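*Asks:* Sequence:
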Amino acid sequence: MHRSIRTSLLVPGSGALSSMLCAMCRCSCYWPKLARPILRRSRPFCLQSRALADAHVAAKQDSQSHRRLDLPAANASQSGAEKFASLVSQELEAGATVELLPRSSEAAWHLLRALCIGKRSAEFEVHFAPHAAEEDNRSLRVLARSGPEWVDVSKDWYTGCFVSRSTQGWKLARKLEMDLREKSAVAVHTFVDALPAALTILQALAAVPGLAAKDHALVCTAAAVDGDSATRLIVHARTPRAWLDPAAKMVEGSFIAYPPGSAASEEDKRVFRNTVHARLQPGTCVAMQCRGPHAAWHALEALALKGLVTAEVEASWVDWQNGEAGGRAIQLIATTGKSWQDFNKTDFQKTALLKAGDQPQVSRLSAAIGAEIHKRGATSIHVFADNIASVHATLKSIASVPVLSKSAGRRVVFVPSLGWASGPDGTKSRRSLRIYAKRLTAS
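Residue numbering for the sequence shown is 0 to 442, as defined by numbering that gives the first Met the number 0.
None of these hints come from the bench; they were simulated from the model.
Honestly, I wouldn't trust all of these hints.
With a straight-line Cα cutoff of 25 angstroms, these simulated PhoX-like cross-link-like pairs (lysine-lysine) come out [claimed, not checked]:
{"no.": "1", "residue 1": "Lys-337", "residue 2": "Lys-374"}
{"no.": "2", "residue 1": "Lys-374", "residue 2": "Lys-354"}
{"no.": "3", "residue 1": "Lys-395", "residue 2": "Lys-374"}
{"no.": "4", "residue 1": "Lys-395", "residue 2": "Lys-213"}
{"no.": "5", "residue 1": "Lys-437", "residue 2": "Lys-395"}
{"no.": "6", "residue 1": "Lys-344", "residue 2": "Lys-354"}
{"no.": "7", "residue 1": "Lys-213", "residue 2": "Lys-344"}
{"no.": "8", "residue 1": "Lys-437", "residue 2": "Lys-213"}
{"no.": "9", "residue 1": "Lys-344", "residue 2": "Lys-437"}
{"no.": "10", "residue 1": "Lys-174", "residue 2": "Lys-395"}
{"no.": "11", "residue 1": "Lys-349", "residue 2": "Lys-437"}
{"no.": "12", "residue 1": "Lys-182", "residue 2": "Lys-170"}
{"no.": "13", "residue 1": "Lys-170", "residue 2": "Lys-437"}
Note that the structure is a prediction, hence the values are computed from the model and not measured.
Please take these sequences and the hints and turn them into a complete structure.
*Replies:* This is the structure we're talking about:
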C-alpha cells in the first residue's frame, strides 16, 4: 500500500519547534516558508536543468562579491544567532558569495540553519582549508551563494543516509563516495537538535571529492523538513558538471597511455616508455590505468625514468568496464614536477623511510604511509623493483591512503625514482623503486 508521507518545510514561528530548539541550542528557529506541502517522495533534488544551473553559477562567480562572515560563538545569545542568520540571508539575496569557516559543532549548526531561512535556498560547497602556517590543519571552508526556489528543492529524506551524533565523518564520506559512483546526487539527514551531526555532515562533504580524486566540490543545499515524528535537517549534495566528464580533472591536452601487460615484448615496453616521456611535458599530463602487477610496474618504471624533470603522480581507485567484465583499477595522473637537481636537494632525513619488503600488507602499509604524511607531510617508501607483486601492493597502498580514517579525503602525490639497495657489505644488491609521497597541496 502507498503510505502518505508528510514532508513539508517548516513554517516560520512554529511554537513547539521554536521552544525545543531554543532550549537545546539557545537559538530561535525561523525556517523558510513553503509555498505548498510536498507529498511525493520521488520529487527530484532540483527541477532546474543542471547544465543551465552550473552555467549560471560559472558565469556569475567571477562577478559576485565575496564576503566572509564570522559565525556565532558557542555561547551566542538568541539575538546574536538571529542577527547572524539574517545577515547571511541578506548577503545571499544581494548576490554575494558568502564565506564561512565553521570550527565547532555549534558553528556548523548555526551555518546550516542560516542557509535554511532565506527567501530562496542556498547552494554551497564545502572544502578543507589548510592554514598556511599549519599544513596539518583540517579546518573547513564553506562557500555559499543564492540557490533555486524552495519549491524546487527536494524534501525527501527517506532515501537519504541518517547521521547520528556518533556517526564518524570519514565513514560517512566513504559511503557517500561509493553511492556517487552509481548516481549523481545523495542526501543526508539528521535531527535538528543533533549538533555534532552538523559538523560530521560538513566534514564528510568536504572529504568526498578527495576520495573520488576529483578537483571540484559537491554542490549542496540544506533544508529543514517536518518529518513523521521529528523535525529534521536534510542536506542534498550533487556532483558538479566537471565530474560527468572522466577527463575533466585533467588539463587540456592530456594524453591517455596504456601500460603493457605480462605478454608485452621488450619493444612494446620501449615504445611505451618513450611515448610517456614524449607526452609528459610542462602544462600537460599523462593518464593511465593499472589493472595488474605488470601494468603497475611498467607505468612506474616509465615515470621513474623520465629525464631532466621528475614526474609527480596521483594514484586513485577507479571502476573499469569492458563488455561484461569489470572491476577496480588504479588510475595514475602524472604531471611534470621539479627538476631532478632540485628534487635531490630535498632533506629526506626529515621524513621517515618505509621499507615495503617482499610481501607488504596493503592495509598496514597504507596506514603507515597515511600516518607519516599526517605527521610530517611526506614519507619515502622503498620497494624491490624485481618483485612486481610488491610494487603493485605498494601502489595499492598509496591509492588507499585517502580512505583512511585519519586522512579521509586527503590526496597524496608521489615521485618515483630508481636506485639500488645495498647489501650487508655495502655493495649494490637489488634494484630498488624509491617513492617519495607527500600531501597534495592546493595550487
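*Asks:* All hints, please: hold or fail.
*Replies:* Hint by hint, here is what the structure shows:
Proximity of Lys-337 to Lys-374 is assessed by CA-CA distance (about 23 angstroms); at most 25 angstroms being required, the pair is judged to hold. A threshold of 25 angstroms between alpha carbons decides the hint, and for Lys-374 with Lys-354 the separation of about 18 angstroms falls inside it, so the pair holds. The straight-line distance between the Cα atoms of Lys-395 and Lys-374 is roughly 21 angstroms, inside the 25 angstroms bound, and the hint therefore holds. Annotation: proposed proximity of Lys-395 to Lys-213 holds, straight-line Cα distance about 18 angstroms (limit 25 angstroms).
This hinted pair checks out: Lys-437 and Lys-395 have alpha carbons roughly 16 angstroms apart, not beyond 25 angstroms. Distance hint between Lys-344 and Lys-354 is fulfilled; the C-alpha atoms sit about 21 angstroms from each other, no more than 25 angstroms. About 31 angstroms separates the Cα atoms of Lys-213 and Lys-344, which puts this hinted pair outside 25 angstroms; it is violated. The straight-line distance between the Cα atoms of Lys-437 and Lys-213 is roughly 17 angstroms, inside the 25 angstroms bound, and the hint therefore holds.
For a cut-off of 25 angstroms, the pair hint linking Lys-344 to Lys-437 stands: about 15 angstroms separates their Cα positions. For the hint linking Lys-174 to Lys-395, the alpha-carbon distance of about 20 angstroms falls within 25 angstroms, and the restraint holds. For a cut-off of 25 angstroms, the pair hint linking Lys-349 to Lys-437 stands: about 12 angstroms separates their Cα positions. For the proposed pair Lys-182 and Lys-170, the alpha carbon gap of about 19 angstroms is at most 25 angstroms, so the pair holds.
For the proposed pair Lys-170 and Lys-437, the alpha carbon gap of about 23 angstroms is at most 25 angstroms, so the pair holds.
In summary, the one numbered hint that this structure violates is 7.
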